[in-house]
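**Q** Protein chains in written order, with the UniProt record's numbering: chain D, 1 to 312; chain Y, 1 to 312.
Hint data in this document are derived by calculation from the structure and do not stem from the laboratory.
Among the hints, a few may not be true.
Copies of the same chain look alike in the list, so a pair counts if it fits in one copy or across any two.
Quick list of in silico lysine to any residue cross-link-like pairs, SDA-like style, CA-CA up to 20 Å [as the list claims (entries may be wrong)]:
#: 1; residue 1: Lys300; residue 2: Arg276
#: 2; residue 1: Lys202; residue 2: Pro172
#: 3; residue 1: Lys52; residue 2: Ala14
#: 4; residue 1: Lys169; residue 2: Glu275
#: 5; residue 1: Lys97; residue 2: Thr109
#: 6; residue 1: Lys194; residue 2: Asp124
#: 7; residue 1: Lys169; residue 2: Asp122
#: 8; residue 1: Lys129; residue 2: Cys215
#: 9; residue 1: Lys129; residue 2: Lys152
#: 10; residue 1: Lys284; residue 2: Thr109
Number of protein chains: 2
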Amino acid sequence: MDVVFLGTGAGIPAKLRNVSSLALKLLDERGSIWLFDCGEATQHQILHTSIKPRRIEKIFITHLHGDHIYGLPGLLSSRSFQGGDTEVTLYGPRGLKEYIKVSLSVSGTYLKYPLKVAEISDGDVLDEKDFKVEARLLEHGIPSYGYRVIEKDRPGTLLADKLAEAGIKPGPIYKKIKNGENIELENGSILEAKNFLGPAQKGRIITVLGDTRICDAAIELAAHADLLIHEATFSQGEEKLAYDYFHSTTLQAAQVAREANARKLCLNHISSRYERQDWEQLVKESQTIFPNTVIAEDFKEVHIPLDKGEVS
Amino acid sequence: MDVVFLGTGAGIPAKLRNVSSLALKLLDERGSIWLFDCGEATQHQILHTSIKPRRIEKIFITHLHGDHIYGLPGLLSSRSFQGGDTEVTLYGPRGLKEYIKVSLSVSGTYLKYPLKVAEISDGDVLDEKDFKVEARLLEHGIPSYGYRVIEKDRPGTLLADKLAEAGIKPGPIYKKIKNGENIELENGSILEAKNFLGPAQKGRIITVLGDTRICDAAIELAAHADLLIHEATFSQGEEKLAYDYFHSTTLQAAQVAREANARKLCLNHISSRYERQDWEQLVKESQTIFPNTVIAEDFKEVHIPLDKGEVS
Ligand SMILES: [Zn+2]
Ligand SMILES: [Zn+2]
C-alpha cells in the first residue's frame with residue numbers, strides 16, 4: 001500500500017506543484033488504485049508514473065472547487081479511449097453528478113465502462129469485505145469532506161499442520177476455527193482457535209482530508225491513522241489568513257496529527273507562495289509539535305507498511 | 001502576429017503533444033491574445049510560455065469534444081485568480097454556454113471579470129475595426145467549425161509634407177484624402193488621394209480549422225490565407241480511416257491548401273500513433289502537393305509576416 005502524490009499545490013497549477021490529486025495504490029490488496037481528488041491535468045501527471053488508468057477503480061472527491069475536480073472529465077474519457085472497461089465509482093459532494101453529466105454529454109463522450117456517481121454525506125461511504133471508508137464534513141467555504149480509509153483486520157491463516165498433529169481431520173470444523181471460533185470436542189475438551197491460527201494482521205488506516213480549517217472532525221477522522229494527509233496551505237504564523245480562507249497552517253496540521261495519535265503526517269496542498277527552498281522550513285514547523293512529519297511533493301511516494309505486531 | 005501552438009495532438013494527451021490549443025498573438029495589433037480551442041492543461045502549457053493569461057481576450061472553440069474544451073474552466077478560473085480583470089469572450093458551438101455555466105457554478109467559481117459566451121453559427125462571428133472573423137461548419141462527428149481571421153487592410157499614412165508642398169492647407173480635406181477620396185480643387189484639377197498616401201498595408205488572413213474530413217468549407221475558409229492550420233490526424237494512405245473517424249490525412253490537408261491558394265500550411269492535430277521520428281515523413285507527404293508545409297509542435301511559434309507588396 002503506497003500513496004503517490006499527483007498534485008500537491010493549492011488553487012492554481014504551478015510548475016513544481018500541480019493542483020490536487022493523489023493515488024492510493026492498492027495493487028496487492030485489491031489489484032486496483034483509488035484516486036483522491038482529480039484536479040486539471042491529473043491524467044497528464046499520471047503519464048509520468050507507472051499508474052495505468054484502467055486500474056483506477058474509485059475516485060473520492062473531497063470538494064468541488066475547480067482545483068480538485070477539473071481533471072475528472074478528461075481522465076474518465078481517456079480511460080475509456082485507452083480501453084478501460086471495468087466499472088468506476090466516483091464519491092463526492094452533491095453537484096458532482098451534474099458536473100460529470102454535463103461535461104460528458106456536452107462533449108459527446110460515451111464511456112465504454114459503467115460509471116457510478118455516489119453523492120455522499122457524513123458516514124460510511126463504502127463498506128466492503130476488505131475496506132471501509134468513512135467521510136466527515138470538514139470546515140471549508142463549500143462542503144469539503146475528509147475520508148478515513150480503514151483496511152479491515154485480516155484473521156490469521158489456518159495452521160492446518162498443527163490441526164492434523166492434534167488429530168483434527170479436515171471438515172467444517174476447520175472453517176469454524178478459521179473464523180476464530182473455539183470448538184468443544186466430543187471428549188469435552190476445548191480447542192482454542194487462536195492456537196491454530198497464525199498471527200492476525202492489523203489493517204491500516206489512511207486519512208485524506210479535503211481543504212479545511214483546523215477542526216474536530218479532522219481529529220476524529222485521523223484517530224490512530226497510519227498516515228494522515230492534511231492540507232497545510234500556509235505556514236506557521238498565518239493562522240489568521242488560514243482562518244479567513246478556510247485553510248490550515250503547518251502547525252495546525254501537526255496539532256491534528258498529535259491529538260489524533262496518528263503515526264505519520266504528510267503536509268499537502270502547499271501554496272505556491274512557498275518556493276522549493278521554503279519547503280524544509282514548513283516541515284520543521286510541523287515537527288516542533290509532531291516529529292513524524294513529511295511534506296507532499298508531486299510524484300513522491302509514501303509507503304504505508306503493515307503493522308509488525310498482532311491485533312491488540 | 002505569431003501563432004504559438006500549445007497542444008497539437010489528437011484525442012488524448014501524450015508526453016510530446018498535448019490536446020488542442022493554439023494562441024494567436026496579436027500583441028502589436030491589439031495588445032491581446034486570442035486562443036483557439038482549450039484542451040485540458042492548456043493553462044499548464046501556458047506556464048511554459050511568455051503568454052500572460054490576463055492578455056487573453058477571445059477564445060474560439062472549434063467544437064465541443066473534450067480534447068478541445070476541458071481546459072476552459074481551469075484557464076478561466078486561474079485568469080481571475082491571477083488578477084485578470086478585462087472582459088473575455090468565448091465563441092463556439094451550442095452547448096458551450098451550459099458547459100461553462102455548470103463547470104463554474106458547481107465549483108463555486110466567481111470570475112472577477114465579465115465573461116461573454118457567444119454560441120455561433122455559419123457566418124461572421126465578429127466584425128471590428130481591425131479584424132473580422134468568419135466561421136463555417138466543417139464535416140465532423142459533431143458540429144465543428146473553422147475560423148477565418150481576416151485582418152483588415154490598413155490605408156496608407158497621410159503624407160502631410162507632400163500635401164503642404166502641393167499648397168493644400170490642413171483641414172477637413174486631409175481626412176478625405178486619408179480615407180482615399182479623390183478631391184476636386186476649386187481650379188478644377190483633381191487631387192488623387194493615392195499620391196498623398198503611403199502604401200496601404202494588406203491585412204493578413206489566418207485560417208484555423210477544427211477537426212474535419214476534407215471538405216469544401218475548408219477550402220473556402222482558407223482562400224488565399226497567409227497561414228492555414230489544418231488537422232492531419234492521419235498519414236497519407238489512411239484516407240479510409242480518416243473518413244470513418246471524420247478526420248483528414250496529410251495529403252488531404254495539402255489538397256485543401258493548394259485548392260485554396262494558401263501561402264503556408266501547418267499540419268496540426270497529429271495522432272499519437274506517429275512518433276517523433278515519423279513527423280518529417282508526414283510533412284514530406286504534404287509537400288508532394290503543397291511545398292510550403294510545416295508541422296505543428298507544442299510550443300512552436302509560426303510568424304505571419306506582413307505582405308511586402310501593396311494592396312492590389
Ligand atoms: Zn484546494
Ligand atoms: Zn480533436
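**Q** So, against the hints stated earlier in the document, which numbers end up violated here?
**A** Violated hints (numbers, rising): 2, 4, 6, 7, 8 and 10; every other hint is consistent with the structure.
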